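Engineer: Chain B: place on chain A using the hints.
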Amino acid sequence: MKFCYFHLMPWTDLDEAPSQWPASNASFSPQRAKELYDGYIDSMVFAEQCGFDWVGCNEHHFSPYGLMANCNLIGSALAYRTRDIKLAMLGNLVPLLNPVRVAEEYAMLDVMSGGRLIAGLIRGVPHEYIAYNVNADESRARLREAVSLIIKCWTEPEPFGWEGEYYQYPSISLWPRPWQRPHPPILMSASNEESAEFCGEFKAIMGLTLIADLAIARRSIDIYRRATAMQGFTPPPEYILCGYNTCIMDDDAEARHTLEEGQRYFHRVLMHSIRDAQRLVITRSRYFGQDQAGETFVKRLVALKERTIDEQIEAGSVFCGSPDKVIQQMKRVHGELGNGMFNLNFKIGNIPDAAVTRGMELFRDKVLPAVRDL
Amino acid sequence: MVTQNMFTTETATLSTGPVTYRKGGDGPAILHIHGTGGPNHSTVLDELAKRHTVYHPVAPGWDGTPRHDAVRSVSDLADIYADFIRTVIGGPCDVIGVSFGGWIALWLAVRHPDLVQQMVLEAPAGLRDPGTGGLPVDPDELHRQTYARPERAPPPSRTKDAYWINRRLRDELGAGISLDQPLLESLPKITARTLVLFGDKDRISPAMPAAHRMRLGIPHVHMTYVYDAAHALEFDQPEKLTNLISAFFERGEGFLVRSTAG
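Residue numbers (our numbering), protein chains in the order written: chain A, 1 to 374; chain B, 375 to 636.
A few of these clues could be false.
A few chain A residues facing chain B, derived, Cβ under 8 Å [as the list claims (entries may be wrong)]: (1) Asp137; (2) Pro157; (3) Gly161; (4) Glu163.
Keep in mind that the hints were calculated from the coordinates and are not lab data. Please read these numbers as outputs of a predicted model, since none were measured by experiment. For each residue, glycine too, the CB sits at the ideal point set by N, CA and C.
The shape of chain A in the complex, shown without the other chains (with noise of 0.2 Å):
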């Protein structure tokens, strides 16, 4: 069983929950922001000492959510403070930017670090469509227009142009290419069926996240593995990725606590507002091929607001507890969903960053040992 350490990076001095999408940013200090900057930066470097895999980031916008608009920036910084951690940009939300330029800063990543980039090509939830005026129904095109355009910019051993629906480009070559030959891994976020199927075609890295029911998520995987079948691919057990929010501490009722203030911020404070925007370009848009996806999706998001700890826990929702209690969940977790990565998110909401390193170290000594070979 391999290990990502995400960050999300939040702002955690909010007394109140913004009002509206987008969150007003009157009262954003530049200077509080660089110290959340330097330890969350201490925080994913902290990860590779304490066995992590991979340290995963990615991109946001328009909120205190994530403080993360490029989550580049944060990977090339990491890639000159980390010697051998993978750096997974979870990822670049490609239909809203220009795909040539993630080919570019991806590859540059990838040189940087020595060829230890994963590469995210993300479509992005949806309100960050509101954020920078693209179409949400274009979407999913976009996303496969664009990938397929990535995929080019990072092969191609001559320059070529691009004449495509969403993207035209006459004469392109990358300066750097990838060091990672054909291309570094994909990842793309496979949280529904359509998007698990989408997944498997590019044979990319699956990423679930919200995860709400075991079940659900199985049959993402199922579909997941049946479409890479088809490409005559059978993906390893690290190409299936787990999301999970995870609190760890030395005992069961002061992670318990902890988890549910952090969470009580995340979705009282952090969420506020994005759920508004994201319930306008679900409801006003077709961004959703599926109307039942964004059913599903809104459902989720409900579920994972109002159910106790101690129904994420049972639901497979979150990881959470004494070392003990975790190692448990995270077995049954992987008994039921097969995969071969789990994705941990320590810093949920504003849960003091102490007892994210202590969660952190926890999972060094106490928890990894007991899974790593899973």
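Structural biologist: Positioned in the frame of chain A, the structure of chain B alone reads:
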């Protein structure tokens, strides 16, 4: 608006025999060289004919036209097209070669560089690795591999028997060659600025390594992938093809520059 109906069918007498061709439009001349199956009139030709005179000959022997005794190879066929340019068009012109026609166009540009001003090759044959690509025998598979957008495929314009007569002629002249080594070695002789187009889903003429070979061999060449297109580029993505070819022929190297200045 120029349409297929406004193309006229004529016959020219070349030094080696008669050639039937369709002609439409007005303006600088474009010679369009068809592929294995024979001429297929796409809307791209209609669009190009709005600002060009488009010549669309039937290769001797195709579609029941008389064979020319002098034609025993692809390069011989290129010489027929050179004769056509001199005799019918009257001087150098821009050339489009489609699939097998791209192979012919390459030989035309190698052997008669003075007659080819600019050249567009759509999924050209003749430079692919042995054992890769090629035309499937099974009709359903052939259709699947020809079109990425089957709903845009034209209705059949000839019987299956007629198609296979054309195809056997192609096989005879192509002599079962996938990689035309003499052509590969002659690519540096091409003086025409060349645009090579491949569909990103083309399995019949896969872009690599043919595009790489042309890139290394032809002195002035650009290669562009047409997204969501297989082998029949003009039918899968007619608007994109029209825009690319028009920009390349009309603006030369300037087609690289996005501008409303023209």
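Engineer: All the hints need checking, so say for each whether the structure fits it.
Structural biologist: Taking the hints in turn, this is what the structure says about them:
no. : hint   : verdict
1   : Asp137 : violated (17 Å)
2   : Pro157 : holds (6 Å)
3   : Gly161 : holds (3 Å)
4   : Glu163 : holds (5 Å)
The structure shown violates just one earlier hint, number 1.
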